[in-house]
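K.L.:
So the sequences go chain by chain: G, P, A and B. Going by numbering that gives the first Met the number 0, the first sequence opens with residue 0, and the numbers climb by one from there. Going by numbering that gives the first Met the number 0, the second sequence opens with residue 0, and the numbers climb by one from there. Going by numbering that gives the first Met the number 0, the third sequence opens with residue 0, and the numbers climb by one from there. Going by numbering that gives the first Met the number 0, the fourth sequence opens with residue 0, and the numbers climb by one from there.
Careful: at least some of the hints might be erroneous.
[What the hints assert, rightly or not] The list that follows gives simulated cross-link-like pairs (lysine-lysine, BS3-like), each with its CA atoms no further than 30 Å apart:
| hint | chain 1 | residue 1 | chain 2 | residue 2 |
| --- | --- | --- | --- | --- |
| 1 | A | Lys55 | P | Lys119 |
| 2 | G | Lys514 | G | Lys290 |
| 3 | G | Lys514 | B | Lys48 |
| 4 | B | Lys272 | P | Lys68 |
| 5 | G | Lys290 | B | Lys272 |
| 6 | G | Lys499 | B | Lys48 |
[What the hints assert, rightly or not] Now the in silico label distances, taken between C-beta atoms and shown as ranges:
| hint | chain 1 | residue 1 | chain 2 | residue 2 | range |
| --- | --- | --- | --- | --- | --- |
| 7 | G | Pro533 | B | Gly55 | 14 to 24 Å |
| 8 | A | Ala51 | P | Gly187 | 48 to 58 Å |
| 9 | B | Leu77 | G | Arg538 | 48 to 58 Å |
| 10 | B | Ala277 | P | Gly125 | 34 to 44 Å |
| 11 | B | Leu77 | G | Leu32 | 25 to 35 Å |
| 12 | G | Lys290 | B | Ser50 | 21 to 31 Å |
| 13 | A | Arg64 | B | Ser50 | 45 to 55 Å |
| 14 | P | Val174 | A | Ile9 | 26 to 36 Å |
| 15 | G | Val49 | A | Leu71 | 32 to 42 Å |
| 16 | G | Leu32 | A | Pro32 | 25 to 35 Å |
| 17 | A | Leu8 | G | Leu32 | 57 to 67 Å |
| 18 | G | Thr197 | B | Gly70 | 25 to 35 Å |
| 19 | P | Leu116 | B | Glu242 | 55 to 65 Å |
| 20 | B | Gly70 | G | Phe438 | 11 to 21 Å |
[Unchecked claim] Looking from chain A toward chain G, a few residues come up when the C-beta cut is under 10 Å (computed):
| hint | residue |
| --- | --- |
| 21 | Gly2 |
| 22 | Thr6 |
| 23 | Ile9 |
| 24 | Ala59 |
| 25 | Leu62 |
| 26 | Ala67 |
| 27 | Phe72 |
| 28 | Leu77 |
| 29 | Thr83 |
| 30 | Asp84 |
| 31 | Thr87 |
Bear in mind the hints are in silico, worked out from the structure with no lab data behind them. Only a predicted model underlies this, so the values are computations on that prediction, with no experimental measurement involved. Virtual Cβ for every residue (Gly too), placed ideally from N, Cα, C.
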Amino acid sequence: MTTATVTGKPEEPVVATKNYLTEEGTTLRSWLLTRDHKRIAILYTLSLTVFFFVGGAAATLIRLNLVTPAGIFTPDIYNRLFTLHGIVMVWFFLIPSIPNTMGNFLIPLMIGAKDLAFPRLNLLSWYLYMGAGFLALFAILIGGVDTGWTFYTPFSSLYSNGYVVLALAAVFAVGFSSILTGLNFIVTTHRLRAPGMTWYRLPVFVWSNYATSVIMVLATPVLAITLLLVAVERLLRVGIFDPALGGDPLLFQHLFWFYSHPAVYIMILPGFGVISEIVPCFARKPLFGYKFVVWSSIAISVIGFFVWAHHMFVAGISLYAGLVFSLLSYVIAVPSAIKVFNWTATLHKGWISFDAPMLYALGFIGLFTIGGLTGLFVANLAFDVHVTDTYFVVAHFHYIMVGGMVSAYFGGLHYWWPKVTGRLYPEWWARIAALLIFFGFNLTFFPQFILGYLGMERRYYAYPPEFQAWNIFSSAGASVLAVGYVLPFFYLGWSLFRGKRAGSNPWAATGLEWKTPSPPPTHNFDRTPTVTRPPYQYRPEPEPQDV
Amino acid sequence: MSDATPHPQPVPRPEPQYATMDQQAEAASFGMWVFLATEVLFFGGMLLAYAWLRASHPDGVAEAGRHTKVVIGSVNTLVLLTSSLTMAWAVHAAEHGRRTALTRLLAVTALLGLLFLGLKGYEYHGEWAEHLVPGLNFQENGPHARTIELFYFLYFLLTGIHGIHVTIGIVLIAVMAVRARRGAFSAGYFTPVEVTGLYWHFVDIVWIFLYPLIYLAGRSGP
Amino acid sequence: MMGLPRTCLITWAALVALLAATLGLAYVPMPGPLNIVLALGISVAKALLVLALFMKLFRAPALTRAAAAAGLFWLAVLFALSATDYLTRKVEPAGDLPAPTGREYQSGGR
Amino acid sequence: MGSLQLLPPTASSHAADMDWLFAALLGVSAFILLLVFGLMILFCVRYRKGSKVERGNRLGRTWRVEVAWTGLTFAAFLVLYFWGADLYVRIHSPPGEATDIYVVGKQWMWKIEHPGGQREIDTLHVPVGRPVRLVLTSQDVIHDFAIPAFRIRQDAVPGRYETLWFMPTEVGEYRLFCAEFCGTWHSRMGGTIVVMEPSDFQRWLDSQDPGPSLAQEGEALFRSYGCSGCHGGAGTVRAPRLEGLFGRPVPLEDGRTVIADDRYIRDSILMPKAEIAAGYPPVMPSFAGQIGEDDLLKLVAYIKSLADKTADSAERPAP
């Protein structure tokens with residue numbers, strides 16, 4: 000095993016001759032039929048990037064349209080754009096983002112396993128994802144869907160003119176991809192840990208993905224069956240979600256949000272995991288309150304199931320249900336707050352350096368804090384009556400999902416890039432991109448809180464002229480944000496060919512994934528490692544500190 | 000995974016990510032249990048819809064329940080319960096390495112599954128003839144027509160999706176029977192049979208709940 | 000008999016007996032929802048028999064039992080929390096909380 | 000291009016309450032935000048790599064710190080919860096003297112009827128200082144009646160009534176939006192709320208062609224749909240009389256008792272077999288699919304107007 004020596008000039012580390020990128024061959028066939036979790040992670044990363052840019056293009060057009068109060072596109076085009084943006088970003092980017100790319104790549108490495116428990120299922124999951132993705136893109140190309148990603152009945156079942164059934168089928172299929180991934184992670188975490196890797200020695204990243212998997216496995220089937228019911232209702236004109244047919248539209252909303260609220264935690268929990276890896280590494284300190292961080296993840300994944308009807312405070316649920324769900328929503332805010340406090344406390348008395356992953360992580364904490372705090376606003380029964388379905392809610396969940404999750408995704412991408420590719424990216428470009436994303440994001444979405452309180456409704460292609468000023472701010476911010484997101488595409492791509500060789504552990508990080516060469520060999524470890532210490536045993540640099 | 004060698008195979012080697020066959024077997028069985036948890040929630044969505052229908056239109060559901068074919072439903076329950084017995088018996092035979100018994104019991108289980116599907120098909124045929132298929136040929140008048148339509152909508156979805164599960168189960172069991180006949184299993188290695196058994200028993204359990212919800216609704220009424 | 004284990008046979012007999020019981024009881028008029036409650040109770044008993052003896056959950060490791068319990072627990076969450084809405088959506092303002100849709104009068108009778 | 004407005008107009012009794020709640024939420028959030036950001040920036044500067052600051056004596060027993068901040072945040076959250084819950088209950092409890100105005104949403108317009116029969120589309124005239132209760136429903140998909148200046152909104156769900164009440168406090172014109180996505184012209188499905196002085200409002204009402212009132216139209220429908228044949232007392236079929244029915248408890252065949260409210264009347268027309276009044280044969284046919292939402296509202300209004308026909312006004316408790 001090669002270790003980069005610190006003395007004098009850093010020499011070009013030797014590339015491992017045998018690694019997963021070359022070992023099984025480099026043909027397309029060897030990639031498409033691979034069972035190696037790392038190769039499947041790469042397949043996912045490439046396809047996710049495509050969907051990220053498709054969804055991002057739609058977002059750009061949406062912001063472009065909203066520069067003028069009258070709108071630029073026709074309403075039908077605009078409605079298809081935000082539906083496309085929602086469906087692609089939620090199901091084809093955010094939900095699989097960290098679990099299927101970094102989770103796939105890192106969980107076996109982090110627990111000292113040779114692969115996931117069910118490699119074939121893992122590959123099947125990618126094929127399901129791709130099939131679903133093509134179905135979704137096909138539905139978009141032949142005319143699009145205009146229901147919004149929420150598919151509310153009876154609009155989606157009887158009134159919409161779009162290709163709703165195709166879109167439902169796509170989401171149904173991608174749901175099963177998600178279930179298979181979750182199942183694989185759960186079994187892997189339980190059954191394939193290396194000797195000595197006890198539960199409290201697991202990195203928080205593994206814990207978070209485990210908590211995420213629980214949600215994937217237990218919530219997604221409800222979404223699948225609900226969407227199936229909508230599809231049948233639409234095709235056969237008989238169903239239980241349309242009052243004209245004797246049904247109850249709120250039943251759809253209950254079932255839909257039973258999945259879709261926990262889905263928010265599918266999106267954010269893995270992000271918590273990434274941040275919990277990055278912050279200790281660049282603060283050179285153990286994670287503060289490890290057990291609290293771990294158990295808050297588990298608490299979030301469980302309580303996350305208890306709060307779904309807070310999406311329905313003005314939809315006609317009973318007053319009593321509103322009181323119950325609002326209280327539970329406040330309860331789930333507590334574990335999220337615990338995490339933020341713990342990350343902040345980890346910085347205390349550390350040796351903090353500001354490499355690009357750390358900048359993303361700090362940005363994440365800031366943006367997630369704002370997103371989480373505005374969650375207190377919308378969880379508030381009365382306040383929600385004023386801001387539901389306005390841009391306040393739009394801004395709130397973008398702070399969580401884009402400000403939080405996408406920042407974590409990019410942070411993790413940079414942090415593990417040397418491990419995945421064996422190359423270092425240009426640091427300064429990465430820092431510039433991180434800053435652009437942070438400031439562009441705030442400029443885009445902070446005005447939307449104000450717009451929401453003023454009463455600008457979501458999914459409006461045209462709006463009253465008094466809202467224009469804030470919308471222009473938002474659109475201007477979006478252009479900065481777009482540059483910030485496109486930039487890594489170029490410098491990371493460049494680094495694949497020209498980047499410096501990374502060595503096995505460029506960040507001097509703890510964790511088993513750094514103990515194997517970069518890129519790792521196909522079966523990860525030459526010999527199964529034995530774990531003897533808890534995670535994040537960081538020592539200060541340069542001189543050791545004695546306590 | 001299986002090689003078609005005609006003579007009994009010794010215990011195969013575990014896949015590379017596992018240290019031992021035991022570890023692999025535990026992972027497979029645990030994986031199936033997690034999958035079954037998913038399945039519970041998959042049916043759960045429909046059951047919630049059923050609960051909503053029944054709670055909001057109790058009389059209509061009662062009348063709809065009296066339209067169902069309780070004889071076929073009950074016989075089918077008996078068929079599935081018995082198939083669960085033969086399946087459990089088959090796993091027992093596998094544990095003891097009795098190849099012939101295993102093959103035959105798996106075959107009987109699959110045949111019982113087919114019998115279930117056959118009866119179900121006959122039942123569907125009857126419902127088609129009685130114009131009880133919502134969306135395609137539903138014709139019902141009377142005060143509860145709409146509820147009956149919704150009931151049958153859920154009936155066809157629940158039993159249809161259950162039927163798909165039965166079909167998958169039969170295919171799995173048939174594959175296991177063929178593999179057992181070729182001697183792929185031994186007292187030391189029968190994980191696939193065990194896991195298939197778990198799935199089959201789950202399909203049985205789902206039916207155990209569907210049976211009273213569908214066939215026994217409203218039976219005590221007029 | 001190809002070595003049929005006795006527990007399996009007894010389990011099957013119990014299942015068939017319960018099936019007969021549930022079928023018979025369904026035709027007995029009972030007050031309120033007692034019919035369905037009994038039928039579901041018997042179903043639970045049957046399911047437990049299959050789980051414990053056919054699926055060997057009885058002797059399974061704790062982890063397996065946890066997986067089985069998780070599915071049921073979350074199913075219960077789905078039903079229980081939906082019930083907070085459905086069971087309270089139409090009640091008259093008898094309790095402390097007024098009805099979901101505000102009403103301009105109070106019930107004179109109660 | 001509009002100016003950089005920060006708050007919407009404040010024009011209802013709920014609006015001021017909501018702004019106070021907003022201020023409280025902002026206060027708590029700002030405190031937590033400043034705490035987190037302040038500490039983060041402080042730590043990042045003070046403990047940056049290479050700074051020669053003392054780092055010994057780190058926080059030891061983490062669980063005490065954890066329990067402290069968990070408990071404190073939860074307590075703060077509970078206060079916010081009860082504040083919001085209280086206001087929510089008030090938003091959903093209209094005062095007894097509120098005037099009922101009926102609103103039907105359809106793609107893509109709001110159809111509004113005043114109790115006197117005056118109709119408007121996409122505009123709602125209301126007097127200042129008087130509580131108004133909106134009874135909302137929809138003819139097609141889910142809509143949402145949103146008035147930011149009043150800080151309220153409520154989904155209009157097809158097949159059922161939802162209510163919403165407010166008391167305007169400022170004369171003026173305010174925006175009305177549809178807040179639940181309802182199809183192509185969702186963003187154009189809005190209008191204006193015109194709040195007037197009561198005297199102006201009365202003048203406006205009088206100037207409108209009143210048309211028959213909802214109840215009068217309902218009475219006509221009551222005859223044309225043949226309801227009066229049985230419920231009029233003259234026919235051979237024995238059906239419950241509807242005078243004085245509304246707002247009263249009705250004993251049902253199955254032993255329950257329900258209050259004859261909007262929902263009950265509506266359900267009885269559409270699903271007569273669901274809740275049969277005790278002592279009457281279940282012979283009424285369902286009118287589901289035959290009566291539109293507009294007509295249902297009128298029938299309900301008519302039956303409601305019968306409430307006072309025989310009822311002693313003293314019997315009806317003041318709310």
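K.L.:
Does Gly2 (chain A) meet its interface restraint, that is, does its C-beta lie within less than 10 Å of any C-beta in chain G?
P.N.:
Hint on Gly2 (chain A): violated, closest Cβ of chain G at ~31 Å, above 10 Å.
K.L.:
Given the range 14 to 24 Å, decide if the beta-carbon distance of Pro533 (chain G) to Gly55 (chain B) lies inside it.
P.N.:
Cβ of Pro533 (chain G) to Cβ of Gly55 (chain B): about 21 Å, so the range 14 to 24 Å holds.
K.L.:
Taking the Cβ atom of Lys290 (chain G) and the Cβ atom of Ser50 (chain B), is their distance within the range 21 to 31 Å?
P.N.:
holds, 30 Å
K.L.:
Given the hint of 25 to 35 Å, is the C-beta distance from Leu32 (chain G) to Pro32 (chain A) inside that range or not?
P.N.:
At 55 Å between Cβs, range violated.
K.L.:
Identify whether the interface hint at Ala59 (chain A) stands, where standing means a beta carbon of chain G within less than 10 Å of its own.
P.N.:
violated, 14 Å
K.L.:
57 to 67 Å was suggested as the range; check whether the CB atoms of Leu8 (chain A) and Leu32 (chain G) agree with it.
P.N.:
With Cβ atoms ~46 Å apart, the hint is violated.
K.L.:
With the threshold set at 30 Å, check whether the alpha-carbon distance from Lys290 (chain G) to Lys272 (chain B) stays at or below it.
P.N.:
Answer violated: Lys290 (chain G) to Lys272 (chain B) is near 58 Å, above 30 Å.
K.L.:
Quick check on the hint: Thr6 (chain A) CB to chain G CB, less than 10 Å?
P.N.:
Thr6 (chain A) check fails; min Cβ-Cβ to chain G is 28 Å, beyond 10 Å.
K.L.:
Can you let me know if the beta-carbon spacing of Leu77 (chain B) and Arg538 (chain G) is within 48 to 58 Å?
P.N.:
Hint violated: Cβ distance 42 Å, outside 48 to 58 Å.
K.L.:
Quick one: are Ala277 (chain B) and Gly125 (chain P) within 34 to 44 Å, going by C-beta?
P.N.:
Holds - the Cβ-Cβ distance for Ala277 (chain B) and Gly125 (chain P), about 38 Å, lies within 34 to 44 Å.
K.L.:
Mind checking the hinted window 32 to 42 Å against the Cβ distance between Val49 (chain G) and Leu71 (chain A)?
P.N.:
Roughly 39 Å apart at Cβ, these two residues keep to the hinted range, so it holds.
K.L.:
Between the beta carbons of Leu116 (chain P) and Glu242 (chain B), is the distance compatible with 55 to 65 Å?
P.N.:
Given range 55 to 65 Å: holds, Cβ gap about 59 Å.
In the structure shown, a violation is registered for the earlier hints numbered 5, 8, 9, 11, 16, 17, 20, 21, 22, 23, 24, 26, in ascending order.
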